[in-house]
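Count the sequence shown with the UniProt record's numbering and you get residues 1 to 746, in order.
The set of hints was computed from the structure by calculation and includes no laboratory data. All values reported here derive from a predicted model rather than from experimental measurement. Worth double-checking, as some hints may not be accurate.
As the list claims (entries may be wrong) - Quick list of simulated restraints, FRET-style, between CB atoms:
(1) His416 x Asp296: 42 to 48 Å
(2) Arg369 x His416: 51 to 57 Å
(3) Lys337 x Asp191: 48 to 54 Å
(4) Asn666 x Asp401: 26 to 32 Å
(5) Glu504 x Lys337: 29 to 35 Å
(6) Pro615 x Asp191: 21 to 27 Å
(7) Asp85 x Asp128: 20 to 26 Å
(8) Leu250 x Gly500: 26 to 32 Å
(9) Asp296 x Gly509: 52 to 58 Å
To be verified - DSSO-like mimics (lysine-lysine), calculated; alpha carbons at most 27 Å apart, straight line:
(10) Lys265 x Lys282
(11) Lys334 x Lys262
(12) Lys405 x Lys470
(13) Lys253 x Lys365
We put the beta carbon where it would ideally sit given N, CA and C, even for glycine.
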Amino acid sequence: KSQFQSKALISPNIVTSETCSREQVPDKTSERSCRLAITKIVSVKVRLLFILNKMLLVGSSCLMNYVYVICLVCPPLGLESHRVDSDQLLTSSMSQHRYGSHRARLNIQASGNEDDMNGGAWCGNQEDKVHWIELDARTLTEFTGVITQGRDDPIENDYVTSYYVAFSNDSREWTVLHDGYSEWLFFGNSDKYTPAMSQFVEPVVARYIRILPQSWNGTMCMRMEVMGCPLPDPLSQYQSQNEVTAKDDLDYKHHNYQDMEKLMKSVSDECPNITRLYSLGKSAKGLEIYAMEITDNPGIHETGEPEFRYTAGYHGNEALGRELLLLLSQYLCKEYKDGNPRVRRLVDGIRIHIVPSLNPDGHVKASERGSELGSWTLGHWTEDGADIFQNFPDLNSGFWDAEDKGMVPKLTPNHHVPIPDGYLAENGPVAVETRALISWMESHPFVLGANLQGGERMVTYPFDMRRLTKETVADNSLFRWLAISYASTHRSMTNTYRGGCHTEDPTGGMGIVNRAKWKPIPGSMNDFSYLHTNCFELSIFLGCDKFPHESELLREWEHNREALLTLMEQVHRGVKGVVNDKEGNPIQNATVSVEGVNHDVTTGEAGDYFRLLNPGEYRVTVRAEGYSSQTRLCVVGFEPGATLCNFELNKSNWDRIKQIMALHGNKPIPLITPGGGKTYVTRDGKVISRVCTRTSVPKYSSRTQWKHSLQSACTPLQTHEYTLAGVYIYLSLLLSRSSISVQSSK
């Protein structure tokens, strides 16, 4: 009964099958032989259509006898995804310009600003007696259904409850869909947010389709999507014959939790030498949060090999990122086996981690409604009601406050900002999925990462939280480069005049934008990653349609494949190296600073570090407790690959210095300098100097006169805060003088 995993769809107007087995479908315009899945019917509200007191029993014999039926399943034409241009839509009227035909797209969101053109639906003029909206498909199309939705508005409750559908080939003469006796009146929506789909008994071939609302709640407003299969144009047969299509053996379909689990295990079994399947933890409902590691030595961090992560599914209804990462894991496995040199360089040179579904509970909820019938928010949050992406601690506020007071980086570090006490308390507001994610981020030395989301088409970079005194992040130019490296290699993200999904294009055609300038949020994954770990994180918004139709997955994979690979290659940009002591032992948690960039990174367990940088010359300084600091000039070129800058640190006399400081009661220690001045070293590393210059002391015949002049000419300088290296120099002088020992200091 359920061998095809097909879900029975029972709309107000037709009983049919939503999905068919792929093996029976040679192309998207063919008729499909499908078996109806009877197992789901008990959970669906069955409502048979009555027209003029006659019961329409289309498909009822299939339900009773389990026989095969012929069905034509067509995908959306693309109002929600914006593949349908705004100039393909025409309406009878509009109440205001912000409620014009360009706002009739399924799931389009209102801006909330009454002064702009971004309303939450198409709304007709209330004074008109006849309302309609039409779509020009620009070619003959087999129309199979319509999806309607009410107006997106926090206050008003506007939606269409019934409508007629008409067709035309010239936009002048229209034929309303009927059953041979009467025009069909289709049921619409029962609320403003939940989409309602009506499928036609038989497909209708035409170029134009028109929706004529007949009744509504509140004001006549609606959003919509049209299902249809464009017919081949006989004049462009040559072009279609030479069209390049995918020949790979990837699985282009939506995967539920069980399907995803099965697919990831099959990839791991197919490529056991380069993959490792593991779990970050469990969701609120007990589902595993699976991760796939892809590298030449899975399970091991190799010294000098950077780690990269792709994550998706923070919001369960944003399914495209989930499917793209599943396709990416399949692609890397198959291409590595086939000897693809580029893929082999990626897998052999990077430890790649892929997490396709961070909110599996939300995806289960969203997938129950399907790709077209889920609302904008269904499955968005976790089972506990948390938005994972902005469920992280706000590290920005405290860090920025310290920075404004001049405490960074001398008194407050500019990296690895600690999590506030109590934030991860057992009864705190942190979702179990977020806890698992934080633990994973802290346990791996990630260098670069990106999270895939939906609802827009662009790349955003930190900071995500708005700052009033200073807008840009320390690595602003680097973040912009990383963002543009993805956007520019995406097939459509940087198209001129592409527009935005819900408002005007916030990127200005560049395809990238600082999140704080677009939609600022506190406690984001990106800001947390930058301030708490070594990892630089981007957000990639894949498209206007969060949950695209299955037929769109091949197109979306082709649009994103090159960009996904290119961003991973950027992990080799900048400088890298190993920090050891004189004996060759790795130094962990050494701080790597770049002059002019107020953000440091630290070394890992193997002493290796990775500092992403744009091409240029940089003075890089490494500091570690118990060692003298070291500075090198590192040059980053334009050629691929990171510049190697290793460091070998000398141990300092810091332990001996601390003993001397303790013997002095941690009071300032006077040092006699060769110039006659005095230098005091305090326990907090401050050096107070009293220095004389030769030119400031005149010559006197009397030694007493010279001494008196020396004291008056030696003026105290202001207090300076030196690095530990400077302190070591002064205290080393102390240790080198035989007359100043621990015993004599007493």
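Evaluate the given range 26 to 32 Å for the C-beta pair formed by Leu250 and Gly500.
At roughly 30 Å between Cβ atoms, Gly500 and Leu250 fall inside 26 to 32 Å, so the hint holds.
Taking the CB of His416 and the CB of Asp296, does the distance hold inside 42 to 48 Å?
Given about 29 Å between the Cβ atoms, the range is violated.
Do the beta carbons of Glu504 and Lys337 sit within 29 to 35 Å of each other?
violated (46 Å)
Under the criterion that the straight-line Cα-Cα distance not exceed 27 Å, is the pair Lys253, Lys365 satisfied?
holds (18 Å)
CA of Lys265 to CA of Lys282, is that 27 Å or under?
Holds, at roughly 17 Å.
Range hint 48 to 54 Å (beta carbons of Lys337 and Asp191) holds or violated:
holds (50 Å)
Just to be careful, I want the Cα atoms of Lys405 and Lys470 compared with a cutoff of 27 Å; is the pair within it?
Given pair Lys405, Lys470 holds - Cα atoms ~13 Å apart, limit 27 Å.
If I claimed the Cβ atoms of Pro615 and Asp191 lie 21 to 27 Å apart, would that claim hold in this structure?
The hinted range 21 to 27 Å is violated for Pro615 and Asp191, with Cβ atoms some 55 Å apart.
Can the restraint linking Lys334 and Lys262 be considered satisfied, given a maximum Cα separation of 27 Å?
Holds, at roughly 17 Å.
Could you check the hint for me, namely that Asp85 and Asp128 are 20 to 26 Å apart, CB to CB?
holds (25 Å)
Do the beta carbons of Asn666 and Asp401 sit within 26 to 32 Å of each other?
Holds - the Cβ-Cβ distance for Asn666 and Asp401, about 29 Å, lies within 26 to 32 Å.
Using the beta carbons of Arg369 and His416, state whether their distance is inside 51 to 57 Å or not.
Between Arg369 and His416, where Cβ atoms are some 42 Å apart, the hint is violated.
Hints 1, 2, 5, 6 and 9, counting from the list given before, are not met by this structure.
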